[in-house]
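Work the whole structure out from these sequences, hints included.
There are 2 protein chains.
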Amino acid sequence: MEERTEISSLGEFGLIDHLTANNETKNASTILSTGDDGAVIDHFGRQTVISTDLLLEGIHFDLSYTPLKHLGYKAVVVNVSDIYAMNATPTQIVISLAFSNRFSLEALDEFYAGVYAACETYGVDLVGGDTSTSQRGFVISITAIGEVAPDAYVKRSTAKDKDLVCVSGELGGSFLGLTLLEREKKIFEQTGAQPDLEGQAYIVGRLLKPEARKDIVEYFAEAGIMPTSMIDISDGLSSDLLHICKQSNVGCVLYEDKLPFNEEAKEFAYKLQLDPTACALSGGEDYELLFTIAQADYEKIKLNPSISVIGYITDASEGEHLITRAGNKHALIAQGWNHLAK
Amino acid sequence: MEERTEISSLGEFGLIDHLTANNETKNASTILSTGDDGAVIDHFGRQTVISTDLLLEGIHFDLSYTPLKHLGYKAVVVNVSDIYAMNATPTQIVISLAFSNRFSLEALDEFYAGVYAACETYGVDLVGGDTSTSQRGFVISITAIGEVAPDAYVKRSTAKDKDLVCVSGELGGSFLGLTLLEREKKIFEQTGAQPDLEGQAYIVGRLLKPEARKDIVEYFAEAGIMPTSMIDISDGLSSDLLHICKQSNVGCVLYEDKLPFNEEAKEFAYKLQLDPTACALSGGEDYELLFTIAQADYEKIKLNPSISVIGYITDASEGEHLITRAGNKHALIAQGWNHLAK
Chain V
1 MEERTEISSL
11 GEFGLIDHLT
21 ANNETKNAST
31 ILSTGDDGAV
41 IDHFGRQTVI
51 STDLLLEGIH
61 FDLSYTPLKH
71 LGYKAVVVNV
81 SDIYAMNATP
91 TQIVISLAFS
101 NRFSLEALDE
111 FYAGVYAACE
121 TYGVDLVGGD
131 TSTSQRGFVI
141 SITAIGEVAP
151 DAYVKRSTAK
161 DKDLVCVSGE
171 LGGSFLGLTL
181 LEREKKIFEQ
191 TGAQPDLEGQ
201 AYIVGRLLKP
211 EARKDIVEYF
221 AEAGIMPTSM
231 IDISDGLSSD
241 LLHICKQSNV
251 GCVLYEDKLP
261 FNEEAKEFAY
271 KLQLDPTACA
281 LSGGEDYELL
291 FTIAQADYEK
301 IKLNPSISVI
311 GYITDASEGE
321 HLITRAGNKH
331 ALIAQGWNHL
341 AK
Chain U
1 MEERTEISSL
11 GEFGLIDHLT
21 ANNETKNAST
31 ILSTGDDGAV
41 IDHFGRQTVI
51 STDLLLEGIH
61 FDLSYTPLKH
71 LGYKAVVVNV
81 SDIYAMNATP
91 TQIVISLAFS
101 NRFSLEALDE
111 FYAGVYAACE
121 TYGVDLVGGD
131 TSTSQRGFVI
141 SITAIGEVAP
151 DAYVKRSTAK
161 DKDLVCVSGE
171 LGGSFLGLTL
181 LEREKKIFEQ
191 TGAQPDLEGQ
201 AYIVGRLLKP
211 EARKDIVEYF
221 AEAGIMPTSM
231 IDISDGLSSD
241 LLHICKQSNV
251 GCVLYEDKLP
261 FNEEAKEFAY
271 KLQLDPTACA
281 LSGGEDYELL
291 FTIAQADYEK
301 IKLNPSISVI
311 GYITDASEGE
321 HLITRAGNKH
331 ALIAQGWNHL
341 AK
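Heads up: the sequence lines are chains V and U, in that order. Take the first sequence: its letter number 332 is residue 332 in the working numbering, and every next letter is one higher. Take the second sequence: its letter number 36 is residue 36 in the working numbering, and every next letter is one higher.
These are computed hints drawn from the structure, not numbers from a lab. Don't take every hint at face value.
Heads up, the list lumps identical chains together, so a pair's fine if it works in one copy or across two of them.
Dumping the calculated SDA-like pairs for lysine to any residue here, alpha-carbon to alpha-carbon at most 20 Å [unchecked claim]:
#1 K246 to G14
#2 K246 to L15
#3 K246 to S33
#4 K214 to G224
#5 K69 to S104
#6 K271 to F261
#7 K162 to L242
#8 K246 to T34
#9 K185 to G199
#10 K246 to N22
Below you can see the structure in the form of structure tokens.
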């Protein structure tokens, strides 16, 4: 039998002590960490970037197929991804949790193991937070802090006509992973059959253990590239590119045949009679970076195999379009994961 | 009939645009505000302080007697209070919300009116956030950012033997306000009788519209006082003073006859056969500042009528005690609002 320690046996402050007992800081900018009313950060000579995300059980994740360690890891990743999308380096996070009494201390430890693993991967310090009980459901709120050289941050609103539209990595995998796990969950509920995830490690991994594109932001610095605009793909390529277009007051053209796919993901999409392009455009949670660059930077981008040029920016009057493989032109519409429309 | 606009009619991004349409920044340090993956803050030459709090319906607040505008105001106050407790000045907040579809746009507007009013009072900029649907209950997560001159922040862990223990304002009012409103709610549920809050404006106000002690931190700067340790009272005087003692490795003596009470609150406590001292020690959410100063600073503190000297710090070996009016000595124990023990 697995051990189960009731969280109430420690009390709130005992719990916080337990969860932060091995918390070590990695950044010189972290002056004061957990254990006080606030943390203190010294970003002298650098600008501070801040971003926050709220994740709720039943809305953003399903604990029936999400291991808690992966959830802790992903909760950090989605936040540091926003910091990278500003062309900044994440340095600290604060994390607030609420959980019902069905959570044991061992379950929370699993979650925190994932949080600390992600802190290690991305070099960020956990510097504070809040814990509370909830009447129902697990609630995760993370705020990430980062730093950037003065005025080197990149906004969504500064893409220019004729810029190239680029994306890192491959698209649509996370959505396909979700589709697979939701399907297997239904089958399990109806028949009791164990999930068949054979050969689907890639798409399941994209959903359950995504990574933020630290490497791309580091490449920008090394190669001397300053994107003209940037966003991370959380709602889907269409929706997020339309944010750039709307906020920059420009239009765009995307080429279907330039969209980067993973072969395993593509095959799975065909198996389910889903269009891989639709998955790339409307599937969310890829946490890839979508950005625009001046044409003059094309030679520098070309050298990085993780970056695909998928289209270009136009004048706002030309609207936003996708050119299909067959050469047809379709209006680009936002069909991202709209949690509010559910 | 009151107007009711469904939030789903705007969509997530329309909602964010709506809620931030009149959002103006007040701090020169706010370089980039809402509308991007992150906000950018320039604290050159100052250190950054960060704090976060999670508030859940049914755990931290009861919407049956909490007006949404007051809730929005208070949600900001509890966060900036943590920043003041670090001897810092709050400058920015990010706010994440989750709400069910029983919330109308008008209800959210009420909440945000309170948030913006508090931002105005405390001079902070709302620079980002996240909104989501929830299956049940209203979830509020706020992270506050502040700034402080290099190494001028004040921790909990640096109180010294023989320091004076001081507190701002009056204690126990918020707990009494909660007791009153919970009592009236029960009466309403059982008999349908409208709440009788006659003459109880003070204690109800302490619960529903607390203020953070900006004035005290400003006074420290003007008077040249550097507290040796500080915390804000959210869990109750006992619990929060014990945090200082534990983290500073010291003991303390408190004098019952020095504890600051409001007369209206005291009378209400007697009416309910509650001991005002117990309310001050164990009631929470007063958001007063509890701090220690060197004895040499006593003359400076004396001049401020909002500050009471309530005891002194001892060697750790002497433990933590309360001296009653009758001269009896009792061990100080933490009986604050422990949400986890509920």
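Here is what the structure says about each hint:
no., hint, verdict
1, K246 to G14, "between (48 Å within a copy, 12 Å between copies)"
2, K246 to L15, "between (45 Å within a copy, 16 Å between copies)"
3, K246 to S33, "between (39 Å within a copy, 17 Å between copies)"
4, K214 to G224, "within (16 Å within a copy, 44 Å between copies)"
5, K69 to S104, "within (14 Å within a copy, 36 Å between copies)"
6, K271 to F261, "within (15 Å within a copy, 72 Å between copies)"
7, K162 to L242, "within (16 Å within a copy, 63 Å between copies)"
8, K246 to T34, "between (40 Å within a copy, 15 Å between copies)"
9, K185 to G199, "within (17 Å within a copy, 58 Å between copies)"
10, K246 to N22, "between (45 Å within a copy, 19 Å between copies)"
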